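*Asks:* So you can see what is in the structure, the chains are spelled out below.
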Amino acid sequence: MVSKYDNEMKLEFLSKSSNEAFARIAVAAFASQLDPTIEEIADIKTAVSEAVTNCIIHGYENTQGIVKVHCIIKNNQLIIEISDTGVGIEDVNMAKEPLYTSKPNLERSGMGFTIMQSFMDELNVESVVNLGTKVTMKKTIKQSLKGEDNQNNICITA
Amino acid sequence: MESNYLKEDKTLVLKITEELDHHMVEKLRRKADYEIERHIPRKVIFDFNQVSFMDSAGIGLILGRYKNISILGGQLELINVNEQVEKILNMSGVLKLIKINKEECA
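Line by line, the protein sequences are chains A and B.
Going by our numbering, the first residue of the first sequence is number 1, and it counts up by one from there.
Going by our numbering, the first residue of the second sequence is number 159, and it counts up by one from there.
Accuracy of the hints is not assured; some may be wrong.
Said to hold, decoys possible - Distance condition first, Cα-Cα at most 30 Å in a straight line; then the derived BS3-like pairs of lysine-lysine:
no. : chain 1 : residue 1 : chain 2 : residue 2
1   : A       : K103      : B       : K185
2   : B       : K185      : A       : K68
3   : B       : K185      : A       : K16
4   : A       : K142      : A       : K10
5   : A       : K139      : B       : K245
6   : B       : K254      : A       : K96
7   : B       : K185      : A       : K134
Don't read these hints as lab results, they were simulated from the structure.
The structure displayed is predicted, hence computed values, not measured ones.
All chains, full assembly: derive it from the sequences and hints.
*Replies:* This is the structure in C-alpha cells:
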C-alpha cells in the first residue's frame, strides 16, 4: 500500500473510558515526529481526549462500541479523525455552543467542542443520527521558526 | 488523590495525583465528596501540583465540588495550577467563580 501522505496511522479500540489516556498518548507520540512544542503536544492531547470522551459517553452512551482514530501527517500538518458509529448528533451547531451539554446530570461542562476548536487550527464535525459522528481536527506544527530558535540557543550556549 | 484535613484551620487539602480526564474524574468525584461530607470544612484546597493533564472533565469536577462546598458554607481554592490547566479554566469561565491562590504552595 502506498500512502499519499507523509505518514499515517490508525487505531481502533473499545469505547472504554480507560482508553481515553491510551488514545491521547498514542496520538501525541505519533505527532512528536513533527517536533512540536510542549504546549502544542498538550493542546493535541486535550483535543483528542475531548473527542474520544464524546464518542464514549455521547456516541455510545456508555454501551460497547468501537472508537476509530485516524492520524495523517502531510506537510507539517497533523490531521486527526476520530469517529464512532453511535447515536449521532441531531443539531451539530447546538452541540458546538460553549457550555451546551446534553448530559448536565453527569457534571459535563459543555466545553468539549470549544476546547477542540480553540486548541486546534480547524475543527469539522460530521454527524448522522443513528449512524455516527466523525470529528476532523487539523493543526499545523511550524517547523522553520523552531529550527532557527534552536540554532540561536546553540550559539548562545556555545 | 491524597486528602489532608487541617483541624485547626477547618481546611481540607485535596492533592490530586491523577490525570484529570473523564475516566479518572468519576473516581475522584466520589472520594472528594466523601471527604467533604465527612469534615464539612470551612475551606477546601485543590492542589494541582501533580496534575500533568486536564480536559473538560476536570472543569465539571471543580464546578460540581464548588457547588457542594458552597451549599455547606465553605470556600474553594485552587493552588499550584500549571499553564495548561489555567488555560482550560480560563476558557470555561471557572476563574470568575473560583480563585487560584498563587502565593500558597502547601
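*Asks:* Please list, smallest to largest, the hint numbers that this structure does not respect.
*Replies:* Violated hints: none at all, because every hint is consistent with the structure.
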